[in-house]
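Turn these sequences into a full structure, and let the hints steer you where they fit.
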Amino acid sequence: MRKSIRIYLKMVLFVLSLILCGCSGGENRDMETSSENSFEEGGESEISNMKNNNDEKKGDVDKKAVLVVSFGTSYNESREKTIGSIEKKIAEAFPDYDQRRAFTSQTIIDKIAKRDNEKIDNVKEAMEKLIDEGYGSLIVQPTHVMNGEEYDEMKEITKPFEKNFVSIKYGKPLLTSDDDYKDVIDAVAKDIPQLSDKTHAVVFMGHGTNHFANATYSALDYRFKAEEYENAFVGTVEGYPDLEKIKKDLENFKPQKVTLIPLMIVAGDHANNDMAGDEDDSWKTQLKKEGYEVECVLKGLGEYQGIQDMFVAHCKNALQ
Amino acid sequence: MKSLKFNFIMLLILFGIFGLFIGCDSSGDNINKEISGGSLTSKISFTDDDGNEINLDKPAERIISLYSAHTENLYYIGAGEKIIGRHKTCTYPPDAVFAEVFDYNGDPEKVISANPDLVIIRPFIRKKAPDFVKVIESSGIKVVSLYPDKFNKFDDYIKKLAMITGTEENAERLLLKFHKELDDIKSITSEISPKQTLFFESTETNVRTVTSDSMAGIAIETAGGINIAKDAEPLEEGSSIADFGEEKVLMNADKIDVYISQRGSMNSGASKQGISERAGFNIIKALKNGRFFTINEKIISSPTFRYTKGVREIARYLYPEVMNDLSEYKNDNIATRRDFANIIFRYKNIPLFVPSSSSYYETEKKGHTFGLFSDINWNDNDFDAIETSVLAGYVEGVKDNGKEYFYPGNNVTRDELAQTVFVMGDFSSKNKEVEIQDIEDSQHKNIVRILVENGVFELKDGKFEPDRKVSCMEIIKAFEKIDIGRQVW
Chain A
8 MRKSIRIYLK MVLFVLSLIL CGCSGGENRD METSSENSFE EGGESEISNM
58 KNNNDEKKGD VDKKAVLVVS FGTSYNESRE KTIGSIEKKI AEAFPDYDQR
108 RAFTSQTIID KIAKRDNEKI DNVKEAMEKL IDEGYGSLIV QPTHVMNGEE
158 YDEMKEITKP FEKNFVSIKY GKPLLTSDDD YKDVIDAVAK DIPQLSDKTH
208 AVVFMGHGTN HFANATYSAL DYRFKAEEYE NAFVGTVEGY PDLEKIKKDL
258 ENFKPQKVTL IPLMIVAGDH ANNDMAGDED DSWKTQLKKE GYEVECVLKG
308 LGEYQGIQDM FVAHCKNALQ
Chain B
3 MKSLKFNFIM LLILFGIFGL FIGCDSSGDN INKEISGGSL TSKISFTDDD
53 GNEINLDKPA ERIISLYSAH TENLYYIGAG EKIIGRHKTC TYPPDAVFAE
103 VFDYNGDPEK VISANPDLVI IRPFIRKKAP DFVKVIESSG IKVVSLYPDK
153 FNKFDDYIKK LAMITGTEEN AERLLLKFHK ELDDIKSITS EISPKQTLFF
203 ESTETNVRTV TSDSMAGIAI ETAGGINIAK DAEPLEEGSS IADFGEEKVL
253 MNADKIDVYI SQRGSMNSGA SKQGISERAG FNIIKALKNG RFFTINEKII
303 SSPTFRYTKG VREIARYLYP EVMNDLSEYK NDNIATRRDF ANIIFRYKNI
353 PLFVPSSSSY YETEKKGHTF GLFSDINWND NDFDAIETSV LAGYVEGVKD
403 NGKEYFYPGN NVTRDELAQT VFVMGDFSSK NKEVEIQDIE DSQHKNIVRI
453 LVENGVFELK DGKFEPDRKV SCMEIIKAFE KIDIGRQVW
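Chains as they are written, first to last, in the numbering used here: chain A, 8 to 327; chain B, 3 to 491.
By construction, these hints were calculated from the structure, which means they are not laboratory data.
Hints are supplied without guarantee of correctness; some may be wrong.
To be verified - List time: in silico BS3-like cross-link candidates among lysine-lysine, alpha-carbon distance up to 27 Å:
#: 1; chain 1: A; residue 1: K252; chain 2: B; residue 2: K367
#: 2; chain 1: A; residue 1: K254; chain 2: B; residue 2: K368
#: 3; chain 1: A; residue 1: K255; chain 2: B; residue 2: K367
#: 4; chain 1: A; residue 1: K306; chain 2: B; residue 2: K274
#: 5; chain 1: A; residue 1: K71; chain 2: A; residue 2: K176
#: 6; chain 1: A; residue 1: K306; chain 2: A; residue 2: K261
Unchecked claim - So, partial list: chain A residues that the calculated Cβ filter (under 7 Å) puts toward chain B:
#: 7; residue: Y82
#: 8; residue: N83
#: 9; residue: K121
#: 10; residue: N279
#: 11; residue: E286
#: 12; residue: D288
#: 13; residue: K296
#: 14; residue: G298
Only a predicted model underlies this, so the values are computations on that prediction, with no experimental measurement involved.
All C-beta atoms in this analysis are idealised placements derived from N, C-alpha and C, irrespective of residue type, glycine included.
Below you can see the structure in the form of structure tokens.
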């Protein structure tokens, strides 16, 4: 028995010693590796650089900026009426903040640069410039309709730069909270008299996405009905609800007239072609073929004062 | 006798073996000679546009075409079936899109493993991807580089395509037809007076135009237009793009009857929305009168047989009354759907539909897909009128079992005509109490009600007769009741 206990203890000691040796061996290896690396890579200057990186230079907390991030549009007039108006209202509401513009669409940035010789930053460039200029307090306000792919991508780009600011806050996209849905409905209802005419259907055309945030469109349609706008319908070009769903809704609702309105910040190519275009698959043509009198309102959401005010409010909420 | 036979057989065998040796030897020699000696022993021989001597013993049978104009022209001259591969930009004719895609920015091994006997490129490709071309050439595959940089080199270019595919007769016939079509347009438009003035925008950047000796410049002249930017200088020597600028356009604002913007993948002109948002442009006569048109670069600036379509388009924009002649349809013959599409295309002066990008076929279309009617071939005389009026939403095809049909020989009913008229115009319900006894027989009840209320259609003994076939003249008369009508100028 004793013998077996002795053997057992010896085995435990052996294992323990192995573990201890292993740990210290590991430490040794790590130390060796790091010293080897620092030596090979050039000694002190490299080490001091590493220190700087770890410390992270932060900007001046009193130097404040709002970065307004939009998808962008190459149509100059539309841009000023929509994105430009939102930016202007935010600038008025934040007099202590400098303002910067960034677009997420590189295609649009390149087109404007080539055509108009006007340089618009993408998100990364805008962040780098803000850091270079020493800003320490930043609000990033997107003009996206929802918390979809564009918004996610924007945050992925800004994230590595967050450490360079003392304070960085994000304003929410247009349709985020429950109240946002109600506010959007109130904002557009003010400027769309057709919504009050119950023989008239008002169809909003959104973009649509594979992102799970696509449910935003159905939620807005639901909310319109809850707010007693049973004549309002929300569909999308590239997602669900699609035009076929809208056709079914209209068949049940039996309106005399249909008004098509883009549910997009800017009335650009989608609004002009997919919605109001003269081709066989545009929403206007498809609904006319069904026998509806169709009118198109080529006005982006960004042109509605109420929507502009919502972005200002989202920007303010970011600070709270 | 037997020994004679034996000897004869032996002789034959010996001769055969000797012949085999000679054959092998001489054929090898011949190949070498052809390669080193050039055109003397080759049946097909010319210098391509990269300056290389091309010598082929026989027409190519397995072709990879890496330039859209080559692909188009090969189909026209009857060599389409020889195309086993294409560049992604080769989307016309629609039959071409079924060929495998190859990319000169990609792996040349993909081309080699497809085993073509000829790859057709243009000098631009050799310049942009020299290694890609070299690898293919060093594998023994013949590479021919062609590009007619001037309009007057078009015939020579087509003849070379014909030589390498053995389609000389077709090419000869088509070239005659091509020039006759251009001459016909010119002879019609040269009679017209007064002439219309146009501005042709080739790029949004600096509002550039085209040189007068470019394909588009020649098209303007053939179509009988007065080019306001006729004297514009090329950006650089040999370029077809010329500087003009916003300022000069605005200086001529009251003279520009028609504004045409060239659209395409490279150097695109303004879109309809883009031009409407350009500061100060609303004073231009053409824009005030709704005479702004876009034209796809593929039909106006590319060296293809489709160029005649581009020239005709410009003539249609300039002189719609003349170029959209409807006299052959002013009769009481029962209209076919083919007639219907032609009347719509001409009456409404609809711009010819050309797919806007090479990715057109990559997405599934909710409506009709250009060129995919099983009963209308791309070289049908009425292909353009049918495709364009369907894609403008005025006529519908039928989808059946994954295929699309137009049924060009079918007749047109009053019900169908009513739908077209309603889509063409802007009609509102007059809220009149009109009783239509057979309204239940209509597929488009609301449309018929509104059009009867608006006086576009009359009732016969209280009936609309939705299934009654209409004549060509009835179609024209119904269109005349729509306010939109023909463009007034």
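Exercise. Does Y82(A) meet its interface restraint, that is, does its C-beta lie within less than 7 Å of any C-beta in chain B?
Worked result: Hint on Y82(A): holds, closest Cβ of chain B at ~5 Å, below 7 Å.
For this session: Identify whether the interface hint at E286(A) stands, where standing means a beta carbon of chain B within less than 7 Å of its own.
Result: Cβ of E286(A) sits 6 Å from chain B, so the hint holds.
Exercise. Any CB of chain B closer than 7 Å to the CB of K296(A)?
Worked result: Holds: closest Cβ of chain B sits about 6 Å from K296(A), inside 7 Å.
For this session: Verify the interface restraint on N279(A): the C-beta must sit less than 7 Å from at least one C-beta of chain B.
Result: Since chain B brings a Cβ to about 5 Å from N279(A), closer than 7 Å, the hint holds.
Exercise. Do the alpha carbons of K255(A) and K367(B) lie within 27 Å of each other, as the hint requires?
Worked result: holds, 20 Å
Exercise. Would the pair K252(A) and K367(B) pass a check requiring their Cα atoms to be no farther apart than 27 Å?
Worked result: Holds: K252(A) and K367(B) sit about 17 Å apart, inside 27 Å.
Exercise. Regarding the pair K306(A) and K261(A), is the alpha-carbon distance no greater than 27 Å?
Worked result: holds, 25 Å
Problem set entry | Pair hint outcome, K71(A) versus K176(A) [Cα-Cα no greater than 27 Å] | Roughly 11 Å separates the two Cα atoms, so the pair holds.
Exercise. Given G298(A) as an interface hint, is the shortest Cβ-Cβ distance to chain B below 7 Å?
Worked result: holds, 3 Å
For this session: Tell me if D288(A) is really an interface residue toward chain B, meaning its C-beta lies closer than 7 Å to one of theirs.
Result: holds, 4 Å
Exercise. Is it true that the CA of K306(A) sits at most 27 Å from the CA of K274(B)?
Worked result: holds, 16 Å
For this session: Let me know if the C-beta of K121(A) comes in closer than 7 Å to any C-beta of chain B, holds or violated.
Result: holds, 6 Å
Consistency with the previously given hints is maintained throughout, with no hint failing.
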